[in-house]
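Line order of the protein sequences matches chains A and B.
Under UniProt numbering, residue 412 is the last one in the first sequence; the count climbs by one each step, no gaps.
Under UniProt numbering, residue 412 is the last one in the second sequence; the count climbs by one each step, no gaps.
Treat the hints as calculated values from the structure; they're not laboratory data.
Check before you lean on any hint, since a few could be wrong.
Here are the simulated lysine to any residue pairs, SDA-like style, with alpha carbons at most 20 Å apart [as the list claims (entries may be wrong)]:
| # | chain 1 | residue 1 | chain 2 | residue 2 |
| --- | --- | --- | --- | --- |
| 1 | A | K124 | B | A63 |
| 2 | A | K124 | B | R64 |
| 3 | A | K393 | A | D188 |
| 4 | A | K189 | A | K124 |
| 5 | A | K24 | B | E56 |
| 6 | A | K124 | B | D17 |
| 7 | A | K124 | B | P142 |
| 8 | A | K124 | B | K124 |
| 9 | A | K24 | B | T310 |
Here are a few chain A residues that face chain B, going by a calculated C-beta distance under 10 Å [unchecked claim]:
| # | residue |
| --- | --- |
| 10 | A78 |
| 11 | V90 |
| 12 | R185 |
Derived CB-CB ranges, DEER-like [stated by the list, open to error]:
| # | chain 1 | residue 1 | chain 2 | residue 2 | range |
| --- | --- | --- | --- | --- | --- |
| 13 | A | E127 | B | K224 | 41 to 51 Å |
| 14 | B | M129 | A | V51 | 17 to 27 Å |
| 15 | A | P142 | B | F284 | 34 to 44 Å |
| 16 | B | E166 | A | E115 | 37 to 47 Å |
| 17 | A | E143 | B | N105 | 22 to 32 Å |
| 18 | B | T282 | A | V51 | 55 to 65 Å |
| 19 | A | L60 | B | A31 | 39 to 49 Å |
| 20 | B | E383 | A | A126 | 20 to 30 Å |
| 21 | B | E235 | A | E49 | 51 to 61 Å |
| 22 | B | N254 | A | D17 | 51 to 61 Å |
| 23 | B | A31 | A | D17 | 48 to 58 Å |
Glycine is no exception: its CB is placed at the ideal position from the N, C-alpha and C atoms.
Number of protein chains: 2
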Amino acid sequence: MPVLVMKFGGTSVANLDRIRRAAKRVGVEVAKGYDVIVIVSAMSGRTNELVGWVDETSPLYDAREYDAVVSSGENVTAGLMALTLQEMDVPARSWQGWQVPLKTNSAHSQARIEEIPPENIRAKFAEGMKVAVVAGFQGISPEGRITTLGRGGSDTTAVAFAAAFEAERCDIYTDVDGVYTTDPRICDKARKLDKIAFEEMLELASLGAKVLQTRSVELAMRYKVKLRVLSSFEEQSDEAGTLVCDEEEIMESNVVAGVAYSRDEAKLTVQSVADRPGIAATIFTTLSDAGVNVDMIVQDISEEGRTDMTFSCPTDQVARAEQALLAIKEKGELNYAELLADRNVAKVSVVGIGMRSQSGVAAKMFKVLSDEGINIKVITTSEIKISVLIDRKYMELAVQALHDAFELHKTG
Amino acid sequence: MPVLVMKFGGTSVANLDRIRRAAKRVGVEVAKGYDVIVIVSAMSGRTNELVGWVDETSPLYDAREYDAVVSSGENVTAGLMALTLQEMDVPARSWQGWQVPLKTNSAHSQARIEEIPPENIRAKFAEGMKVAVVAGFQGISPEGRITTLGRGGSDTTAVAFAAAFEAERCDIYTDVDGVYTTDPRICDKARKLDKIAFEEMLELASLGAKVLQTRSVELAMRYKVKLRVLSSFEEQSDEAGTLVCDEEEIMESNVVAGVAYSRDEAKLTVQSVADRPGIAATIFTTLSDAGVNVDMIVQDISEEGRTDMTFSCPTDQVARAEQALLAIKEKGELNYAELLADRNVAKVSVVGIGMRSQSGVAAKMFKVLSDEGINIKVITTSEIKISVLIDRKYMELAVQALHDAFELHKTG
Numbered sequence: 001m002p003v004l005v006m007k008f009g010g011t012s013v014a015n016l017d018r019i020r021r022a023a024k025r026v027g028v029e030v031a032k033g034y035d036v037i038v039i040v041s042a043m044s045g046r047t048n049e050l051v052g053w054v055d056e057t058s059p060l061y062d063a064r065e066y067d068a069v070v071s072s073g074e075n076v077t078a079g080l081m082a083l084t085l086q087e088m089d090v091p092a093r094s095w096q097g098w099q100v101p102l103k104t105n106s107a108h109s110q111a112r113i114e115e116i117p118p119e120n121i122r123a124k125f126a127e128g129m130k131v132a133v134v135a136g137f138q139g140i141s142p143e144g145r146i147t148t149l150g151r152g153g154s155d156t157t158a159v160a161f162a163a164a165f166e167a168e169r170c171d172i173y174t175d176v177d178g179v180y181t182t183d184p185r186i187c188d189k190a191r192k193l194d195k196i197a198f199e200e201m202l203e204l205a206s207l208g209a210k211v212l213q214t215r216s217v218e219l220a221m222r223y224k225v226k227l228r229v230l231s232s233f234e235e236q237s238d239e240a241g242t243l244v245c246d247e248e249e250i251m252e253s254n255v256v257a258g259v260a261y262s263r264d265e266a267k268l269t270v271q272s273v274a275d276r277p278g279i280a281a282t283i284f285t286t287l288s289d290a291g292v293n294v295d296m297i298v299q300d301i302s303e304e305g306r307t308d309m310t311f312s313c314p315t316d317q318v319a320r321a322e323q324a325l326l327a328i329k330e331k332g333e334l335n336y337a338e339l340l341a342d343r344n345v346a347k348v349s350v351v352g353i354g355m356r357s358q359s360g361v362a363a364k365m366f367k368v369l370s371d372e373g374i375n376i377k378v379i380t381t382s383e384i385k386i387s388v389l390i391d392r393k394y395m396e397l398a399v400q401a402l403h404d405a406f407e408l409h410k411t412g
Numbered sequence: 001m002p003v004l005v006m007k008f009g010g011t012s013v014a015n016l017d018r019i020r021r022a023a024k025r026v027g028v029e030v031a032k033g034y035d036v037i038v039i040v041s042a043m044s045g046r047t048n049e050l051v052g053w054v055d056e057t058s059p060l061y062d063a064r065e066y067d068a069v070v071s072s073g074e075n076v077t078a079g080l081m082a083l084t085l086q087e088m089d090v091p092a093r094s095w096q097g098w099q100v101p102l103k104t105n106s107a108h109s110q111a112r113i114e115e116i117p118p119e120n121i122r123a124k125f126a127e128g129m130k131v132a133v134v135a136g137f138q139g140i141s142p143e144g145r146i147t148t149l150g151r152g153g154s155d156t157t158a159v160a161f162a163a164a165f166e167a168e169r170c171d172i173y174t175d176v177d178g179v180y181t182t183d184p185r186i187c188d189k190a191r192k193l194d195k196i197a198f199e200e201m202l203e204l205a206s207l208g209a210k211v212l213q214t215r216s217v218e219l220a221m222r223y224k225v226k227l228r229v230l231s232s233f234e235e236q237s238d239e240a241g242t243l244v245c246d247e248e249e250i251m252e253s254n255v256v257a258g259v260a261y262s263r264d265e266a267k268l269t270v271q272s273v274a275d276r277p278g279i280a281a282t283i284f285t286t287l288s289d290a291g292v293n294v295d296m297i298v299q300d301i302s303e304e305g306r307t308d309m310t311f312s313c314p315t316d317q318v319a320r321a322e323q324a325l326l327a328i329k330e331k332g333e334l335n336y337a338e339l340l341a342d343r344n345v346a347k348v349s350v351v352g353i354g355m356r357s358q359s360g361v362a363a364k365m366f367k368v369l370s371d372e373g374i375n376i377k378v379i380t381t382s383e384i385k386i387s388v389l390i391d392r393k394y395m396e397l398a399v400q401a402l403h404d405a406f407e408l409h410k411t412g
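Excised from the complex, chain A in its bound form (with noise of 0.2 Å):
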């Protein structure tokens, strides 16, 4: 039999409606043939209120006590998501982590997925069990312990399964119905994608289009894993939501797939620094240590011996930056004029595979923004995606005027 996995989020088992609802979506594709692996997250809002206790309990936690708390949460939708598939006469039965196993390496609340061995899963499948339920976000340490596995642990666990069982697909149901080419609630114009490469995915969810965790698609992208995002609150037929898939299957598409943003970036510019070995290695050393997430660097052209360094984080880690480059300044590790924070950019990329092999589409995209008067604070570039920082009060202009040139309300 082949093997389908779907994954069913927060939203779409928010109560016992929702989880039977989703279970007929099971049904459906049990009817099809398909042995199904399930995986479900916490009922909404159930994990938020474990984390809750645990924070209120222990600012400090065990992070192993934290596990054990937090998973509760999807051990009790997958009991409840197998009864119900049981009350349909579809032969169905939960898994928590630990019973798979789901072996997980020991880094508690973070932990990386090591094995899945299908065995157990397999002879029930052989037995005549239609659908395993299987707990999200969770697996067991080497040491016996559950192991959580971070944010967008369920959406990460259903590739793995779909990996260790060679599924034909892994259909992630969620409260969207497709991967966009922009975010339709700042651009009206935006299409759903039918098809999008894992690549040009990667780009769009760590640059804010949070359809699927970086981690879930970088694991489909290693293991070749068809992963499909779609709605669980519309009537679905085979081709609805969004393939994720390898660029090889993508025939036609358009040179840009998609523009993201991400709002509440800062702008920090350190002035006169001196232009020397190390210097770059000292402040952004410093700035992760200080737990600053920095996105883009920039560094001026030299004049007589001094430049200066600018870089982006977001908003929220600005005062503790200016506090860590302060610190290593008092204590002359480095000599630097001033430190300017502009905490009022936004950050808007053009992403697509198609710039492999087209040129000038940082030439029309910078032209693009210069028509409509908007002034570029930082560039930068990659493979697939060029990225840009300007005032954020033009952030929803740029993408609408992007989305517009690069005609991503049209079919590729």
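Dock chain B against the given chain A, drawing on the hints supplied.
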């Protein structure tokens, strides 16, 4: 190190404040030099919520999934308790049933404990851990699935751990401060007992004094586990609460230890059945198959080959009993004249191991009731208990009169 087992019920861990309070009690015992095993229930209300979801999802649920869902409440408390202890600098960790492992049979939702290998927890004690916080009410079946132990399962878990670890004592923290000579709500002279024998506790528990679940007392009696019942809402000394122990440890005691009652009883009489072998078996097998919990049974003196069979059961099972007996009458398997049901009776019992060596207790009980004008409808006796069915309206009066007559307000 001597081992102490401490069990906290649902109301004792109902929220983070109460968990903190319970943890402080644990800290006191650790400071005395004990290695402590703490058994926790789910936060009160949680288990009911989970059971409600299961019932709504699947009225005839798969008990294996029921167990997987319902056991999650205890896991949450265990983790939170471990974290709270760690915050107090007490080395602690949580254990779920399968991690210990607490091995049970496969009778899901009412599993029996088969073995608790102490090695894993002992090894941690040897490494310096002072408290093992164990999720109560749950274990693991030979098939590797989660089981629950049924009603009062956390008490049973606690006693089983005390037996497996040869604990010095098993303290059951609850919302009452001990075992009373009778229910203080209906007799203001009720006195808290310092000690009570296992056998007496068993009779009191099964008679409706629901401080401890019968199974846990049976287990404690078999393994000679000293059980102490005490309140988690009061400051405690070493002599607080009530010690349930072997009768040899009770030096002086009243002939009668307590007066118990059960309010919602019904008396049923099957009139004029043939007085021949097999009739009682037919009646009570039928009732048992129908799920009726028959308590007292009396057979009248036979007249002309026919007799009346009288029994009692909980009020809410009368309809079921009537239906079952009518069915076998119609099928011709049992011939009787009438089935009379009296739903307005209550059971009152006096219990005491002293009865074994002292005669006249029954006579005294009957005289007390007679002096109050209370008619006795059915009598049953055991070695250490005399029970009567009376009109429900006299129940409080009977309890008070018997409490007075046997001078239970005085220490024995």
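Okay, the hints, checked on the actual structure:
| no. | hint | in the structure |
| --- | --- | --- |
| 1 | A:K124 <-> B:A63 | holds, 18 Å |
| 2 | A:K124 <-> B:R64 | holds, 15 Å |
| 3 | A:K393 <-> A:D188 | holds, 18 Å |
| 4 | A:K189 <-> A:K124 | violated, 47 Å |
| 5 | A:K24 <-> B:E56 | holds, 17 Å |
| 6 | A:K124 <-> B:D17 | violated, 44 Å |
| 7 | A:K124 <-> B:P142 | holds, 16 Å |
| 8 | A:K124 <-> B:K124 | violated, 35 Å |
| 9 | A:K24 <-> B:T310 | violated, 52 Å |
| 10 | A78 | holds, 7 Å |
| 11 | V90 | violated, 12 Å |
| 12 | R185 | violated, 34 Å |
| 13 | A:E127 <-> B:K224: 41 to 51 Å | holds, 45 Å |
| 14 | B:M129 <-> A:V51: 17 to 27 Å | holds, 25 Å |
| 15 | A:P142 <-> B:F284: 34 to 44 Å | violated, 55 Å |
| 16 | B:E166 <-> A:E115: 37 to 47 Å | holds, 39 Å |
| 17 | A:E143 <-> B:N105: 22 to 32 Å | holds, 28 Å |
| 18 | B:T282 <-> A:V51: 55 to 65 Å | holds, 59 Å |
| 19 | A:L60 <-> B:A31: 39 to 49 Å | violated, 23 Å |
| 20 | B:E383 <-> A:A126: 20 to 30 Å | violated, 56 Å |
| 21 | B:E235 <-> A:E49: 51 to 61 Å | violated, 31 Å |
| 22 | B:N254 <-> A:D17: 51 to 61 Å | holds, 58 Å |
| 23 | B:A31 <-> A:D17: 48 to 58 Å | holds, 51 Å |
The earlier numbered hints that this structure contradicts are 4, 6, 8, 9, 11, 12, 15, 19, 20, 21.
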